[in-house]
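In case you want the letters, here they are:
There are 4 protein chains.
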Amino acid sequence: MLSFECDYSEGAHEKILKRLLETNMEHLPGYGSDNYCESAKEKIRSACNCPDAEIFFLTGGTQTNQVVIDSMLRPYEGVVAARTGHVSVHEAGAIEACGHKVLTLPQHQGKIDSLELLALLESFWDDENYEHMVFPGMVYISHPTEYGTLYTEEELKSISGICRKYQIPLYMDGARLGYGLMSRHTDVTLPKVAEYCDVFYIGGTKVGALCGEAVVFTKKNMPAHFLTIVKQHGALMAKGRVLGVQFDTLFTDDLYFEISKHATTMAEYMKEGFRKKGQKFFIDSPTNQQFLILENNQMKELQKKVSFSFWEKLDDSHTVVRFAASWATQKEDIDRLMELF
Amino acid sequence: MLSFECDYSEGAHEKILKRLLETNMEHLPGYGSDNYCESAKEKIRSACNCPDAEIFFLTGGTQTNQVVIDSMLRPYEGVVAARTGHVSVHEAGAIEACGHKVLTLPQHQGKIDSLELLALLESFWDDENYEHMVFPGMVYISHPTEYGTLYTEEELKSISGICRKYQIPLYMDGARLGYGLMSRHTDVTLPKVAEYCDVFYIGGTKVGALCGEAVVFTKKNMPAHFLTIVKQHGALMAKGRVLGVQFDTLFTDDLYFEISKHATTMAEYMKEGFRKKGQKFFIDSPTNQQFLILENNQMKELQKKVSFSFWEKLDDSHTVVRFAASWATQKEDIDRLMELF
Amino acid sequence: MLSFECDYSEGAHEKILKRLLETNMEHLPGYGSDNYCESAKEKIRSACNCPDAEIFFLTGGTQTNQVVIDSMLRPYEGVVAARTGHVSVHEAGAIEACGHKVLTLPQHQGKIDSLELLALLESFWDDENYEHMVFPGMVYISHPTEYGTLYTEEELKSISGICRKYQIPLYMDGARLGYGLMSRHTDVTLPKVAEYCDVFYIGGTKVGALCGEAVVFTKKNMPAHFLTIVKQHGALMAKGRVLGVQFDTLFTDDLYFEISKHATTMAEYMKEGFRKKGQKFFIDSPTNQQFLILENNQMKELQKKVSFSFWEKLDDSHTVVRFAASWATQKEDIDRLMELF
Amino acid sequence: MLSFECDYSEGAHEKILKRLLETNMEHLPGYGSDNYCESAKEKIRSACNCPDAEIFFLTGGTQTNQVVIDSMLRPYEGVVAARTGHVSVHEAGAIEACGHKVLTLPQHQGKIDSLELLALLESFWDDENYEHMVFPGMVYISHPTEYGTLYTEEELKSISGICRKYQIPLYMDGARLGYGLMSRHTDVTLPKVAEYCDVFYIGGTKVGALCGEAVVFTKKNMPAHFLTIVKQHGALMAKGRVLGVQFDTLFTDDLYFEISKHATTMAEYMKEGFRKKGQKFFIDSPTNQQFLILENNQMKELQKKVSFSFWEKLDDSHTVVRFAASWATQKEDIDRLMELF
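Sequence order for the protein chains is A, B, C and D.
Sequential numbering from 117 applies to the first sequence in our numbering.
Sequential numbering from 117 applies to the second sequence in our numbering.
Sequential numbering from 117 applies to the third sequence in our numbering.
Sequential numbering from 117 applies to the fourth sequence in our numbering.
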């Protein structure tokens, strides 16, 4: 059975497992204070061209969003996000569970619009009753978005400028950041991300790691006693080495970028294949996730031979589905996939 | 200066103050266990034609929404409300502060639509990823709504039926319930409210009390240890008599209905006045709040002579404003108001 | 039936009700922005000899503790309190419900000891694992304590000095503050309280008001957007006038101090009576609450003729009970009480 | 440099890494729905002799305590634990962060006493003011405790009986469960744990896994929608296989018990060595953690050559320290350690 269900169907890149094995019996201090974590941080700072970056490794995406957002908001503040943002819809209320509202903006192919953001902020501060409302205290964007789309540098700059004007941090959810940076259709680089965002995370779970996300605070703005906050959220890993070794490996010899590039190349190949087969795209995604509109019977037939993800119901006879490429995708599998269309 | 700013500009109905004075030096037990609370509850049960109703008195509207919703939801559940619902917008995130998401539906003159509610519930349970999403665990409606509008009995029945099908409680925010029940344009009575809703509150603060809201659980469904939950929210009044005496007075000789009727009659008189003056209504409200569209300069002129509420910006030169009648409104003041148009 | 159960058995002092009546039909803005609130604040500032004090009126004691503590702590911080402190035991977990641990110290007749406080703080910061523990972020004391006892100025000064050394605020729960200040056995004045504490509240509910507590931030340290935080906790009263008028009356012509003095004089009279009758005191209380040790059969006999409070079981045959005097206590009732012994 | 600092200084047992490698490229569904998770659950059920057990894999100990306790308590309930329990002291307030108080009992070598537990429960329900207090809703014990000590079967049975009488669940924190079960000085087996506890977890992080704890609900009492609750806490691992493969390996051919046995044997060997060297024990621990009292200068000298853990200050010249054996401890390292004494 072919599998294009998601980008976390396999374990980890072999180099990561190899390093975990090699370092396995070293005695290392816990909670992220080992030298692999240090080395990984240094390499990430360098890749971000951000020597002052403060970095913390967490285990998963929802956890990271929860800890970062909760630690940076004051109790009376909420986070602004696209209606389709992961924090808005698919985290089981993890943000609200910490007491914060997700203030939603319309989505445009998964992205927020800077003018609509500006209007939301202006209208909040112009409202005579703003003291009875949740303060917009942070902006959340995902890049790539939940629909695989990307912000342009110009868009990022614009959103970042608005955030600075209103003195609220811009946070980027980079669960699939590598796949965004290595798209052929982007002008956004990792140093640009570090420049425009106040905090972001470099996703590992979906880009070749067993688990792990690297949170990067770019403006010497890591909240005081962040380790304690992480611990309080149940998110502090005893064997921090597990995350340190993985990110150290990913950021050695550009492995993170290389495997991300592989995924986007595979996605383009798959996209081209779908195009040739006359398939209908739900959205024009430049990254590793491709969204097709399938007729329901066709979908059911396909499901017998290949796994892919249900995305949303389009109408009574059509469904939006997702085919994901990843660091682990094999070209031959795509060829076999195309034979099914 | 004339005042039509809101329905809580004055203190309490004189009969309430009189009773507070008369009973003032009686030694009474605390926390709502006094006999005035008991008597008030009995009268409310009777007015609701709901002999089994369990009743609890709280101090204010946001507090009531927070305590009721938090106590009736499981941690993984959120409350469904209109995008313009008080809990969605004007409670400073009080629901989220307790860990629960407000799941929004479109608003239609402040109301939710039963078909859209049904679609939300169906689509949640049909979603393959529903376990990663906030469960719709309760439905919140306000009656009258934030725009002064009212549900018909048919609409209530339909929403209630959907809630029962999905086994989630229907909660009515009755901050201005009296003004809704005493509208000339409603077929909804208090017993009907008790029949269709699983829990609702009868607002006192905006209907003649110094403070106080009576929460009514209609189906023997008051959460276990509700008093402790109230205490934990900081919402348990030591001198519960203050609420008991007020509600006992309001539900003696139909005072609550009488003063509500006065308010809606005054509102109709005001509405008729505006109509004659050719003013433009933002919405056709059958209750005590009237919403006008004012040209901005006209608005500024008026503000010098009468207080009213900013509601929302309509366009660059027009603003929606609210004129509220209440139990305390004087006919002569409306006559004087009309002279300003 | 005689009543010495508590200090909130009656309504409000008659002057308060009179003022509520006199001002009842004035149109006033909501949420504490009326001029009675302003006037009350000014009088309190003056009584505290603290011209810069920032003041906010809330409804009840647990609510006040919850809002103040939650608004002044960072998420990783807890509040230090005596094991018998109200926040530790009798608020149904209201502090924990907001996410904060109550870190307990031993109690000495209801008070914390400054050396034990110092030891707790030193030991926290000396602990190699302090990052895995809840930070002591505030000190809570009640004055009078839950046992009616009082801190001396020297003790307050010492505790305050330790708090300042560790840069954490000192918060005094003054639910019965008047009864403490007007004890014959105290050298603590209201200006001293304002000097040593960073924040405290002047209790109204138990000292002659229907409800209401005045929170005083003494060092220009009211948390930003405090009104929104209050609203989010469901603690913002729509008719703020109810609190404003009450505190304005209490702080006009020293009414608050006068009625507090009456209560402590009555308590001394009662204490003297108990002494003459050979009753055994559980604690030597200098304020309005008196604690006796009663043999259980004697207690049951008494309960038929007078109401008082169960405090705690002492041993199998004895119980600690409380007799409370208040602003409303009549000398003749004490005389009648003594006839029962 | 020798290392006896803790039982999580190394990576994972080699068999675990081997299995992770072997299964690495298999396409598996996410979030714990893969067949390795299923297989691991089945093996654990069998080892527990509890065919109905419901099992969920989480990542770390504090996370597990937080999710389990929060999911099983009602909002007005707290968890009873020893004053020295991990949840009481060393989880940065993770339980309170979810709104629940930790109600403490005295500790006796790290353990709670069943009679003191009974007294706490009786006294709560006998208290006339219990409605104003946090309800004891669950009992937390750690086994081994934070001091390495163990409950006897008799003690477990007694605590369990009390919990059942009061209808509250008994929860065992088994972060080091293997080391407890494989002690030479215990009559508690895994099936006994499953019999007496309502829920417990089998610790992996400290017993040979990279990370991972297996929560076992023994009475068909896993809270409804537990996966969503886990997700909401940011604790749901995308690649659940990482936990599944590890626990499947640990429970294949008794690996978990074998490596635990190794650790306790090493600890006994170390203990015997210390005894021969005339070292003073702080506590008589029958498991993998050994606590010594060191004179401060001796401690400083030792720290140059071996890493161990600061535990607590005993007096001005002595400190309690911990030496931990683990699945990875080498006999030769203990021999070298002894040469330092």
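Some hints could be false.
The list cannot tell twin chains apart, which means a pair is met if one copy fits it or any two copies do.
[As the list claims (entries may be wrong)] DSSO-like cross-link-like pairs, simulated, lysine-lysine; straight-line CA separation at most 30 Å:
hint, residue 1, residue 2
1, K377, K134
2, K273, K131
3, K396, K335
4, K377, K131
5, K447, K281
6, K420, K281
7, K393, K273
8, K159, K134
9, K281, K336
10, K377, K393
11, K429, K336
12, K335, K421
13, K134, K447
14, K281, K429
15, K336, K308
Because the hints were derived from the structure by calculation, they are not lab data.
For each hint, the structure was consulted:
1. Taking the shortest alpha-carbon separations for K377 and K134, both the intra-copy value of 21 Å and the inter-copy value of 28 Å come in at or below 30 Å.
2. Within a single copy, K273 and K131 get their C-alpha atoms no closer than 35 Å, and across copies no closer than 49 Å, so neither meets the 30 Å cut-off.
3. For the identical chains of this complex, K396 and K335 are neighbours neither inside a copy (43 Å) nor across copies (50 Å), given an alpha-carbon limit of 30 Å.
4. Within a single copy, K377 and K131 get their C-alpha atoms as close as 16 Å, which meets the 30 Å cut-off; across copies the closest is 33 Å, which misses it.
5. When the C-alpha separation of K447 and K281 is checked against a cutoff of 30 Å, the pair qualifies neither within a copy, at 47 Å, nor between copies, at 49 Å.
6. In the homo-oligomer, the alpha carbons of K420 and K281 never lie at most 30 Å apart, since the shortest distance is 53 Å inside one protomer and 34 Å across protomers.
7. Proximity of K393 and K273 under a CA criterion of 30 Å is satisfied in neither setting, with 38 Å inside one chain copy and 51 Å between copies.
8. Taking the closest pair of Cα atoms, K159 and K134 come within 30 Å of each other both inside a single copy (19 Å) and across two copies (28 Å).
9. In the homo-oligomer, the alpha carbons of K281 and K336 lie at most 30 Å apart both inside one protomer (19 Å) and across protomers (27 Å), since each shortest distance falls under that limit.
10. Taking CA atoms no more than 30 Å apart as the test, K377 paired with K393 passes inside one copy only; the shortest distance there is 24 Å, against 60 Å between copies.
11. Within a single copy, K429 and K336 get their C-alpha atoms no closer than 44 Å, and across copies no closer than 35 Å, so neither meets the 30 Å cut-off.
12. With identical chains, the CA atoms of K335 and K421 are never at most 30 Å apart, being 49 Å at best within one copy and 39 Å at best between copies.
13. Taking the closest pair of Cα atoms, K134 and K447 come within 30 Å of each other both inside a single copy (24 Å) and across two copies (27 Å).
14. Within a single copy, K281 and K429 get their C-alpha atoms only as close as 39 Å, which misses the 30 Å cut-off; across copies the closest is 23 Å, which meets it.
15. Proximity of K336 to K308 under the C-alpha cut-off of 30 Å is restricted to the intra-copy arrangement: shortest distance 17 Å within a copy versus 41 Å between copies.
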